[in-house]
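K.L.:
We have chain C; now place chains X and Y onto it with these hints.
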Amino acid sequence: MTSTQDATGQNDRYERGLALLQHIGGQERPAVLDSLADIAPDLGRITVEFGYGDILSRPGLTLRERQLATVGALAALGNAAPQLRFHIDGALNVGATRTEIVEVMVHASVYAGFPAALNGLTAAKEVFATRTDLPAEPAAAGAPDGDRFERGSAKLAEVDGHAGEQVIASLQDIAPDFARILIEFSFGDIYSRPGLDLKTRELVTVAMCTALGVAPQLGVHIHGLLNVGGTETEVVEVLIQMAGYAGFPAALNGIGVARTVFAERESHQNSDV
Amino acid sequence: MTSTQDATGQNDRYERGLALLQHIGGQERPAVLDSLADIAPDLGRITVEFGYGDILSRPGLTLRERQLATVGALAALGNAAPQLRFHIDGALNVGATRTEIVEVMVHASVYAGFPAALNGLTAAKEVFATRTDLPAEPAAAGAPDGDRFERGSAKLAEVDGHAGEQVIASLQDIAPDFARILIEFSFGDIYSRPGLDLKTRELVTVAMCTALGVAPQLGVHIHGLLNVGGTETEVVEVLIQMAGYAGFPAALNGIGVARTVFAERESHQNSDV
Amino acid sequence: MTSTQDATGQNDRYERGLALLQHIGGQERPAVLDSLADIAPDLGRITVEFGYGDILSRPGLTLRERQLATVGALAALGNAAPQLRFHIDGALNVGATRTEIVEVMVHASVYAGFPAALNGLTAAKEVFATRTDLPAEPAAAGAPDGDRFERGSAKLAEVDGHAGEQVIASLQDIAPDFARILIEFSFGDIYSRPGLDLKTRELVTVAMCTALGVAPQLGVHIHGLLNVGGTETEVVEVLIQMAGYAGFPAALNGIGVARTVFAERESHQNSDV
Chain C
1 MTSTQDATGQ NDRYERGLAL LQHIGGQERP AVLDSLADIA PDLGRITVEF
51 GYGDILSRPG LTLRERQLAT VGALAALGNA APQLRFHIDG ALNVGATRTE
101 IVEVMVHASV YAGFPAALNG LTAAKEVFAT RTDLPAEPAA AGAPDGDRFE
151 RGSAKLAEVD GHAGEQVIAS LQDIAPDFAR ILIEFSFGDI YSRPGLDLKT
201 RELVTVAMCT ALGVAPQLGV HIHGLLNVGG TETEVVEVLI QMAGYAGFPA
251 ALNGIGVART VFAERESHQN SDV
Chain X
1 MTSTQDATGQ NDRYERGLAL LQHIGGQERP AVLDSLADIA PDLGRITVEF
51 GYGDILSRPG LTLRERQLAT VGALAALGNA APQLRFHIDG ALNVGATRTE
101 IVEVMVHASV YAGFPAALNG LTAAKEVFAT RTDLPAEPAA AGAPDGDRFE
151 RGSAKLAEVD GHAGEQVIAS LQDIAPDFAR ILIEFSFGDI YSRPGLDLKT
201 RELVTVAMCT ALGVAPQLGV HIHGLLNVGG TETEVVEVLI QMAGYAGFPA
251 ALNGIGVART VFAERESHQN SDV
Chain Y
1 MTSTQDATGQ NDRYERGLAL LQHIGGQERP AVLDSLADIA PDLGRITVEF
51 GYGDILSRPG LTLRERQLAT VGALAALGNA APQLRFHIDG ALNVGATRTE
101 IVEVMVHASV YAGFPAALNG LTAAKEVFAT RTDLPAEPAA AGAPDGDRFE
151 RGSAKLAEVD GHAGEQVIAS LQDIAPDFAR ILIEFSFGDI YSRPGLDLKT
201 RELVTVAMCT ALGVAPQLGV HIHGLLNVGG TETEVVEVLI QMAGYAGFPA
251 ALNGIGVART VFAERESHQN SDV
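Residue numbers (UniProt numbering), protein chains in the order written: chain C, 1 to 273; chain X, 1 to 273; chain Y, 1 to 273.
Derived by calculation from the structure, the hints in this document are not laboratory data. Cβ atoms here follow ideal geometry from the backbone N, Cα and C, with glycine treated the same way. A couple of the hints might just be wrong.
[To be verified] Not the full set, but computed from the structure, chain C residues with beta-carbon under 10 angstroms of chain Y:
| id | residue |
| --- | --- |
| 1 | G213 |
| 2 | E232 |
| 3 | A243 |
| 4 | A251 |
| 5 | G256 |
| 6 | A258 |
For reference, chain C alone in the conformation it holds in the complex (with noise of 0.2 angstroms):
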């Protein structure tokens, strides 16, 4: 646990955090630490050391996971959109397509309202106009075929199971019709969409609740991804991601959800055998 400090005060995880940070930003002098140069250089260097050597560099989820998390994040959040530009544009850098970042945003609809949205649409279209290097994509999907419901159910079932079921019941004595439109409008209409695969969809929407630090929705979807195909393991890594998007108490509340999420699954793991 101690680090390698060079004569310039820097070290392995300034290092390896620098060059992880150019290559998301597409920068080779990071705008960051100039605009921190002259009133807070230490936070520069803690952001380069702290954000990018220790937590972005971890193993356990892809880049492109790892940026389209922190977008979902900030789009959720809505209170910062300087940053959110900035995710956006790593997230192109290291794989995403614009189809995926604008899905990203359609979702956030669901998990923190259409102003959330709408504007973290503004922040893509701003961060596309720059990106004239991309190649085509094809054209966004249109309004799926059938029935919203038939479909919103069999995709609330695959994703989220038992977990969502017990949410639909318990909407059924009090707003029976918000039951519906969850099933109709989230799962039906949005879950359904192409364009970002379902364990992703996931990944973005345990992001967005744990930043939004609402606990009963992270619970469902961190059964969710884990339903879809998502390890604890990758469970546990997007939580910690969050502690520098959306601060320590976010990352450590959703830890504690997890927890019990993983403990009902042994049980009931256990209980089948």
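P.N.:
Quick look at chains X and Y alone, frame taken from chain C:
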């Protein structure tokens, strides 16, 4: 639960939603559709179908009430200035007065703090400056006469009844001054103001508390809305509407609080028999 | 509890508040009053009477402490840039240094994430650029020497004591790396920095956790503030102050957490006898 979809991919949800969006927004061609046309046209369609065709078209609240609830929630969240301006304008288009909108912002000082109130008023000023079509309104109220504590205590009893008294009692051992401040400022200064009727004030309070995710206060003010003439249907409607502006987790957690409050009132009524 | 109101509708709360607002804001005629004059003059009056005359005039915290707490809370919320700038300027007017304000922003990276810290520093730079009247301050600290984990562990023990150890222990089964990261970054890198004394750091932490509504961490850091020399009165004062900047629900929920912490400490003391 199937939709009628015509050859252009539109359906009755779209047509109903578009007519309502045109009415609220006061624009033949809603700007949100143009803004999304090149990046996420599906979200434009979904905004019309879901946001306006499904949610805002529901019975149970007037459009004026719905718009004032949205204005309150967006002012409290403080992170969606473009949408706040749009919905202030929309509130004026469906019968809300400038005085009512100002009062919603002043009310936000209690639930989201003075910065939220001040920034909400800045948005209101920007919108009002574009609306030379509106009739003059009476000048704002001056300072109410009389004792703030007496006036606040009476208003607290009227709105929050037993739940409000419990909050005050619970503060006596730890922060008795804060109990007095809460009565004098929140209820003596703000709740006692003219310009926004008490039922709408509580409806807006429920919207704000749902958007902010403050469950204990949401419970107190669901009681409050029911105490001043609101119905359980109106409570559920404003909670459902918040799904579109603060996300489904906020709405679902609000429904959970409402279930508890409705059960408390049912059990209380039964014990009175 | 009656107010003395003179012929102009003003009273001692107004006069006391106006004098304090002039002092903090450094303006003979506060801009907030002009900005509200044509839209909500009552809110201008209430801001003076309640915000400054009632709350910020209270004893129990210095104005420097109060302003740094407000700066921390607004930086953490990240949705009120005009007020953040005003209160940074105000902090400078009542004795806080630029270094302390920078440290509050750096500290925000732990509790609200790096975007909050970066945007807070942008606001600080904007304010500092207008303040050519301030004396030079020593340059910012460089990277501390020594092992981050050892330094962090010692600082965690100093600040959070038993509550902090419990947090770390609870992470061992699910995210042991995150326990190490929390110690190394939060306590080894940030809490160990010079430029802001430990008691003020914890006071700002309590303000941030109250504004963000993260109850478990608020509990840990109310303990922390009391562990590093703060008093129960100071805890209550900063919670009351947050009513004005994050709303009464945030303050009330914070008071609930404080009640539990105070009782824990009382019971612990009694069991020591």
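K.L.:
Work down the list of hints and note, for each, if the structure agrees.
P.N.:
Hint check results:
Annotation: C:G213 was flagged as interfacial toward chain Y, and the flag holds, the nearest CB pair being 7 angstroms apart, inside 10 angstroms. Below 10 angstroms, beta-carbon pairs count as interface contacts, and C:E232 has one with chain Y at about 8 angstroms; its hint therefore holds. Annotation: C:A243 was flagged as interfacial toward chain Y, and the flag holds, the nearest CB pair being 7 angstroms apart, inside 10 angstroms. For the restraint placing C:A251 at the interface with chain Y, the shortest Cβ-Cβ distance is roughly 7 angstroms, inside the 10 angstroms limit, so the hint holds.
About 8 angstroms separates the beta-carbon of C:G256 from the nearest beta-carbon of chain Y, less than 10 angstroms, and the hint is met. Hint on C:A258 holds. Least Cβ distance to chain Y is approximately 6 angstroms, under the 10 angstroms limit.
Comparing the model with each earlier hint shows no violations; every hint is respected.
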